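Engineer: In the order they appear, the protein sequences are chains G and H.
Under the working numbering, think of the first position of the first sequence as 1, with each following residue one higher.
Under the working numbering, think of the first position of the second sequence as 1001, with each following residue one higher.
FYI, nobody ran anything at the bench for these hints, they're computed from the structure.
Please note that a few of the clues may not be correct.
Pulled from the structure, derived: some chain G residues nowhere near chain H, Cβ distances all over 10 Å [claimed, not checked]: (1) I12; (2) V62; (3) P85; (4) F105.
In silico lysine-lysine, DSS-like type, Cα no more than 30 Å apart, as pairs [unchecked claim]: (5) G:K7 / H:K1042; (6) H:K1045 / H:K1079; (7) G:K65 / H:K1042; (8) G:K65 / H:K1045; (9) G:K7 / H:K1045; (10) H:K1099 / H:K1002; (11) H:K1099 / G:K65; (12) G:K7 / G:K65.
So the derived list for chain G, only partly shown, Cβ under 10 Å to chain H, looks like this [as the list claims (entries may be wrong)]: (13) Q41; (14) S42; (15) E58; (16) Y104; (17) P107.
Just so it is clear, the structure is predicted and the values come from calculations on it, not from any experiment.
Each residue gets a CB set at the ideal place from its N, CA and C atoms; glycine is no exception.
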Amino acid sequence: SAVISQKPSRDICQRGTSLTIQCQVDSQVTMMFWYRQQPGQSLTLIATANQGSEATYESGFVIDKFPISRPNLTFSTLTVSNMSPEDSSIYLCSVAGPGTYEQYFGPGTRLTVT
Amino acid sequence: RKEVEQDPGPFNVPEGATVAFNCTYSNSASQSFFWYRQDCRKEPKLLMSVYSSGNEDGRFTAQLNRASQYISLLIRDSKLSDSATYLCVVNRGYSSASKIIFGSGTRLSIRP
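Isolated chain G, as found in the complex (with noise of 0.2 Å):
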């Protein structure tokens, strides 16, 4: 399976502000996703990155609040937008192999909004 890091680790944000995590992969892959876990919650997909092409969000979420760049096939970035304290929340890049649906995690980022 694929090494996968992701920074930062944690973070502590005011409200209003912005935060950027980047996922970073040891090897070329066609897919990532982007996760949510909330408190106590199971993982909900906020989106799809494909490199080359814009990323597919699920129902629920929207570009402006939590827009992704995928400039190459090792890379990715997520940015939550206009924090608010609902937003806190442990974010985890997945990517998955061509052909399967085995993903594999990163470390997540744990952020709290203050």
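Chain G is fixed; fit chain H onto it per the hints.
Structural biologist: Same frame as chain G, but now just chain H:
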């Protein structure tokens, strides 16, 4: 109805016991099924894929029942290190390439 439903537990069992979790899914077009394990404050990690014929990996056995749309995970001879949350994961079907849906997880605690 949730797309993937699990008993949240917690299951509290003694070391060495056998424990089983069930999971049901609502999308009959789903083709791929997985169990993930998530330790406290860590990311989910793939435990095993679930194949139509059922599959076994050491102490872990996964079963799929397409007719009833449920998946099971059996852990034999449980160890203290098996304490974690187990997530049932199902793909959304043909038209949603590679998208997977997570159940809410079943918490397992193994006591000495």
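Engineer: Work down the list of hints and note, for each, if the structure agrees.
Structural biologist: Hint check:
1. I12: With a cut-off of 10 Å, I12 of chain G remains clear of chain H, as the shortest Cβ separation is near 16 Å.
2. V62: 18 Å, holds
3. P85: Its Cβ never comes within 10 Å of chain H, the nearest being 20 Å, so this holds.
4. F105: 4 Å, violated
5. G:K7 / H:K1042: Given that 30 Å is the threshold and the Cα spacing comes to 15 Å, the pair holds.
6. H:K1045 / H:K1079: 18 Å, holds
7. G:K65 / H:K1042: 25 Å, holds
8. G:K65 / H:K1045: At roughly 28 Å apart (the allowed maximum being 30 Å), K1045 of chain H and K65 of chain G satisfy the hint.
9. G:K7 / H:K1045: Judged against 30 Å, a Cα distance of about 19 Å means the pair holds.
10. H:K1099 / H:K1002: 16 Å, holds
11. H:K1099 / G:K65: 21 Å, holds
12. G:K7 / G:K65: 19 Å, holds
13. Q41: 7 Å, holds
14. S42: Because about 5 Å separates S42 of chain G from the closest Cβ in chain H, which is inside the 10 Å limit, the hint holds.
15. E58: Given a least distance of 8 Å, the restraint on E58 of chain G holds.
16. Y104: 7 Å, holds
17. P107: With a minimum Cβ separation of about 5 Å from chain H (threshold 10 Å), the hint on P107 of chain G holds.
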